[in-house]
Amino acid sequence: MDLRKPSFFERYQLHRTVNKYYSNFNITIEYPQFTKEQLSQALKSLIQAHPILSCNFFKTDEIEDDCRNYVLRPFEVKFDDVVSYTNYEITPEYFQYLNSIYFNLDEKKPLWKILVNGNYVTIVCNHTYLDGNSGVGFHNELIANLKNQDCQFESILTNGNITSVPVPIDDVSNLYKPSLFFKIYEIGKHYLLPKEECFKTIPISIGQKVNYRILQFTNHELQHILTRSKSLKFTSYFLSCAVKVFRQFHNDKSVSLAIPMNGRRYDNGLDMFQICTAASNIIVNPEINDDKVGEYISTKLATDLNTRNPFYVVGLLRLMNIGNLLKDKIGSFDRSTMEVSNVGKLNVMNGWFSQDNGFSSHLQFNIMTSNSGLSIVLGSHDEVEDIMKEYVDMLKAELLN
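FYI, the working numbering numbers position 150 of the sequence shown as 150, with every residue one higher than the one before it.
Since the hints were made in silico from the structure, they are not lab data. Predicted, not measured: the structure shown is a model, and the values here were computed from it. For glycine and all other residues, C-beta sits at the position ideal for the given N, C-alpha and C. Among the hints, erroneous ones may be present.
As the list claims (entries may be wrong) - Straight-line C-alpha distance at most 20 Å; calculated SDA-like pairs for lysine to any residue: (1) LYS147 x LYS5; (2) LYS78 x ASN19; (3) LYS78 x GLU30; (4) LYS345 x ARG318; (5) LYS5 x ILE114.
To be verified - Now the in silico label distances, taken between C-beta atoms and shown as ranges: (6) HIS250 x LEU316: 43 to 53 Å; (7) GLU107 x MET320: 26 to 36 Å; (8) ASN148 x GLN248: 17 to 27 Å; (9) PHE333 x LYS292: 20 to 30 Å; (10) LYS292 x HIS250: 28 to 38 Å; (11) HIS250 x ASP328: 23 to 33 Å; (12) SER179 x ALA144: 34 to 44 Å; (13) LYS59 x PRO32: 23 to 33 Å; (14) GLU197 x ILE330: 18 to 28 Å; (15) GLN149 x HIS190: 24 to 34 Å; (16) PHE333 x ALA144: 38 to 48 Å; (17) LYS59 x ALA302: 34 to 44 Å; (18) LYS209 x GLN248: 22 to 32 Å.
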């Protein structure tokens, strides 16, 4: 049964999926002890509550039109379709492996999967109808559903007989609907204002290697960092440290920053399983002193949060050929120096958040806080590998100084 066409933002993600511009994001959590039977029942309950988890996008017979020729369809989902048991350790090599996992459209398989090793559970997600906060919500609901102690194993999680899924976010929210004035202003700015020269290495290409490193901080160390941040919120303070250290290797160019924003902060009624994000993009030029960088980032980020302008910028995708927009990035230098993606605090023993850098950034800081402290999975493109060991050591020292 055809449920609906993709939204403009889903079409953006479909292009990234079809052309392998981006593999996935993933969240690994240490769970309380559970059985295979409990996990099957918990997943069945989760899919019943959120039937879009039993769907994929399928190409229709219509003429190709910037991925408008896809529809969302449900199907039967078996336990073995989405759950694999492995023997991994939480190492950089594990996140390298996770980054090699791609999802396909036109298949009767969901756009997510789970890897299990003992009490450690990783959800690996395509970005089409899931974002980082969706992944957090998935884990929270799954853990809550595991409480049923006496249950039977369910090999079939859903038979696919569903009739509706959440409508696209742009049909139920004004978040991605810019005004006419905003459209004119942004288009004019794009064509008339010169772009600032920022740090760059080699042009963007498909499948550039990403190397991973894990930074762990205990609760005591985290408290020390938060105390030093003073009036700054964590993300702004962390980025100020990251920029300060980066300048010791490259001090002659501006540094471009991307900070993903959670759109659900503006509307708690938005469904958990629909992508709802945008990025605050900030350029820090060499003239800004190290001791002023944190305040500068904080002010810019606060402005974007208040105006919602980054979401309106995403809404401009409606006016563009999305496929051509992404294709034109190949061979360009149009990526951020750093991105910081923070999914916040989870009430779990341990957790790690990671993802593909794709076309987004040279350095990707993926941050999560658990009951054991702060974890950062740092993904960096191969072309900056020559500085990364020293950079990470210096960043740790700067944070803990």
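The hints, checked one at a time:
1. Between the alpha carbons of LYS147 and LYS5 the distance comes to roughly 36 Å, so the proposed pair goes past 20 Å and is violated.
2. A distance of roughly 27 Å separates the Cα atoms of LYS78 and ASN19; the hinted pair therefore is violated under the 20 Å criterion.
3. A hinted pair counts as satisfied when its Cα atoms are at most 20 Å apart, and LYS78 with GLU30 does not qualify at roughly 24 Å.
4. For the suggested pair LYS345 and ARG318, the alpha carbons sit about 34 Å apart, so the restraint of at most 20 Å is broken.
5. A hinted pair counts as satisfied when its Cα atoms are at most 20 Å apart, and LYS5 with ILE114 does not qualify at roughly 26 Å.
6. HIS250 and LEU316 have their C-beta atoms about 31 Å apart, which leaves the hinted 43 to 53 Å range violated.
7. A beta carbon spacing of about 28 Å between GLU107 and MET320 agrees with the range 26 to 36 Å that was offered as a hint.
8. Between ASN148 and GLN248 the C-beta distance comes to about 54 Å, which lies outside the given range of 17 to 27 Å.
9. Our hint of 20 to 30 Å for PHE333 and LYS292 holds, since their Cβ atoms are close to 26 Å apart.
10. Between LYS292 and HIS250 the beta carbons are some 19 Å apart, a value that contradicts the proposed interval 28 to 38 Å.
11. Under the hint 23 to 33 Å, the C-beta atoms of HIS250 and ASP328, about 26 Å apart, fit the expected range.
12. Range check, SER179 to ALA144: Cβ separation about 40 Å, and the 34 to 44 Å hint holds.
13. Distance hint check: the CB atoms of LYS59 and PRO32 are about 41 Å apart, inconsistent with the given range 23 to 33 Å.
14. The given range of 18 to 28 Å is respected by GLU197 and ILE330, whose C-beta atoms sit roughly 20 Å from each other.
15. Checking the proposed 24 to 34 Å range against GLN149 and HIS190 shows it is violated: the Cβ atoms sit about 58 Å from each other.
16. Taken as a hint, the range 38 to 48 Å holds for the pair PHE333 and ALA144, whose Cβ atoms sit roughly 45 Å apart.
17. Distance hint check for LYS59 and ALA302: the Cβ-Cβ separation is about 43 Å, which falls inside the suggested range of 34 to 44 Å.
18. Taken as a hint, the range 22 to 32 Å holds for the pair LYS209 and GLN248, whose Cβ atoms sit roughly 24 Å apart.
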